[in-house]
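Turn these sequences into a full structure, and let the hints guide you.
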Amino acid sequence: MPQQKKKTTIILFSGDYDKAMAAYIIANGAAAYDHDVTIFHTFWGLNALRKDAHIPIKKGFLEKMFAKMMPHGADRMGLSRMNFGGIGLKLMKHVMKKHNAMPLPQLIEMAKEQGVKLVACQMTVDLLGLKQEELLDGIEFAGVATYLADASEGNINLFI
Amino acid sequence: MPQQKKKTTIILFSGDYDKAMAAYIIANGAAAYDHDVTIFHTFWGLNALRKDAHIPIKKGFLEKMFAKMMPHGADRMGLSRMNFGGIGLKLMKHVMKKHNAMPLPQLIEMAKEQGVKLVACQMTVDLLGLKQEELLDGIEFAGVATYLADASEGNINLFI
Amino acid sequence: MPQQKKKTTIILFSGDYDKAMAAYIIANGAAAYDHDVTIFHTFWGLNALRKDAHIPIKKGFLEKMFAKMMPHGADRMGLSRMNFGGIGLKLMKHVMKKHNAMPLPQLIEMAKEQGVKLVACQMTVDLLGLKQEELLDGIEFAGVATYLADASEGNINLFI
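For the record, the sequence lines run as chains A, B and C.
Residue 164 in this note's numbering sits at position 156 of the first sequence; the count goes up by one each step and never skips.
Residue 16 in this note's numbering sits at position 8 of the second sequence; the count goes up by one each step and never skips.
Residue 60 in this note's numbering sits at position 52 of the third sequence; the count goes up by one each step and never skips.
None of these hints come from the bench; they were simulated from the model.
There is no bait here: all hints are sound.
Since copy identity is lost for identical chains, a pair holds within one copy or between any two.
Result set (BS3-like, lysine-lysine): computed pairs, CA atoms no more than 30 Å apart in a straight line:
hint: 1; residue 1: K14; residue 2: K125
hint: 2; residue 1: K98; residue 2: K139
hint: 3; residue 1: K76; residue 2: K101
hint: 4; residue 1: K120; residue 2: K139
hint: 5; residue 1: K13; residue 2: K125
hint: 6; residue 1: K101; residue 2: K66
hint: 7; residue 1: K106; residue 2: K66
hint: 8; residue 1: K139; residue 2: K105
hint: 9; residue 1: K15; residue 2: K59
All values derive from a computational prediction rather than experimental measurement.
Here's what the structure looks like:
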């Protein structure tokens with residue numbers, strides 16, 4: 009009887025560039041070791057899934073406000089520390105290039121190629137006034153029930 | 009032989025409204041799927057268990073200071089991002105109402121009704137100068153040993 | 009056949025004194041209950057492993073900047089909340105003393121004595137421009153593959 013595949017599930021709650029990097033590095037590593045991997049993006053973590061472009065969509069006033077103030081995509085998120093209005097992240101990206109560490113948008117691309125399941129939490133998508141057209145293609149929309157079904161079989165479950 | 013119940017344990021360290029919401033939504037979901045669920049509140053997460061009222065208690069000076077500066081209960085916690093002195097949270101609550109998402113105090117009430125075990129970490133209760141009378145009724149007080157006993161049998165263990 | 013030892017793995021991403029305290033209290037507790045325990049320090053969590061002294065090392069400009077702005081060791085980290093430029097932490101340490109709670113440097117010392125495996129994430133050590141000489145003796149250097157090997161057998165896996 010073949011051994012069951014290991015499972016890794018990550019809730020990405022944070023909207024910080026460095027925390028999202030950690031999440032995607034773990035996810036890509038686990039996928040490389042043949043785990044079934046899922047990242048559930050909720051609250052500010054949804055920003056990692058936004059397209060890096062202005063998508064014109066009709067929205068209510070509050071939704072427009074939230075959407076406007078949140079970063080448009082992975083590349084525009086900030087560091088959780090020493091961000092200094094973006095300067096810290098610029099320096100970090102510079103150092104990352106020097107050390108051949110992948111920037112976040114590429115880590116996300118790689119995760120998709122490796123078959124990591126990217127999920128957007130439907131409830132918080134609605135709360136933050138995001139629309140499907142604003143988010144990356146190929147992602148799924150689901151809720152806590154789907155998360156629990158995956159995580160309760162998970163070998164590694166993290167909240168980031 | 010009946011299958012053992014699944015177990016979910018969450019450490020709620022954060023004092024942010026949105027993170028506490030995430031913790032309680034997962035906890036309530038897991039309880040609905042018949043998991044044994046425990047939330048261990050430690051450090052700033054204890055604020056979610058404070059009563060929404062001023063309880064007159066004799067305390068030392070430092071304890072009074074900490075107690076005064078920390079939010080009195082779940083409804084007075086702030087967002088981890090875009091709080092803007094409370095305006096962000098007000099907008100969020102407004103949107104939540106529109107989308108029929110439960111506010112945090114109701115999520116906590118529901119957790120209690122579903123039999124989620126709410127634990128306050130005794131050590132940090134002492135450090136922050138909180139008294140039992142200030143915290144919600146029906147919660148337990150315990151330490152790291154109790155947490156480890158639960159979590160080492162846990163299917164889903166999260167630190168939030 | 010003897011039962012296998014339980015395993016606890018913690019990723020310490022945070023550079024906050026209180027979060028690192030939580031990580032080390034759980035780690036020490038788990039070690040006392042005979043778990044195999046590993047703490048993987050990554051990003052700002054590496055500061056907990058820095059020596060509390062200025063170590064003169066030749067570095068590039070960016071690396072010098074990062075290194076300069078990050079706290080030199082566990083005792084110089086700040087609280088995640090109510091730090092107030094260090095005053096909050098001073099008060100917290102004062103209260104901890106009164107309640108016989110161990111300060112972070114002692115918790116780390118105890119972890120080492122109990123055989124908790126302390127790992128520094130090689131990639132982020134490089135990104136933040138840290139050098140081996142600046143970090144505590146007796147720690148290991150490893151990457152995501154080592155983490156995954158440990159965590160996929162872990163009973164308790166946390167991201168802090």
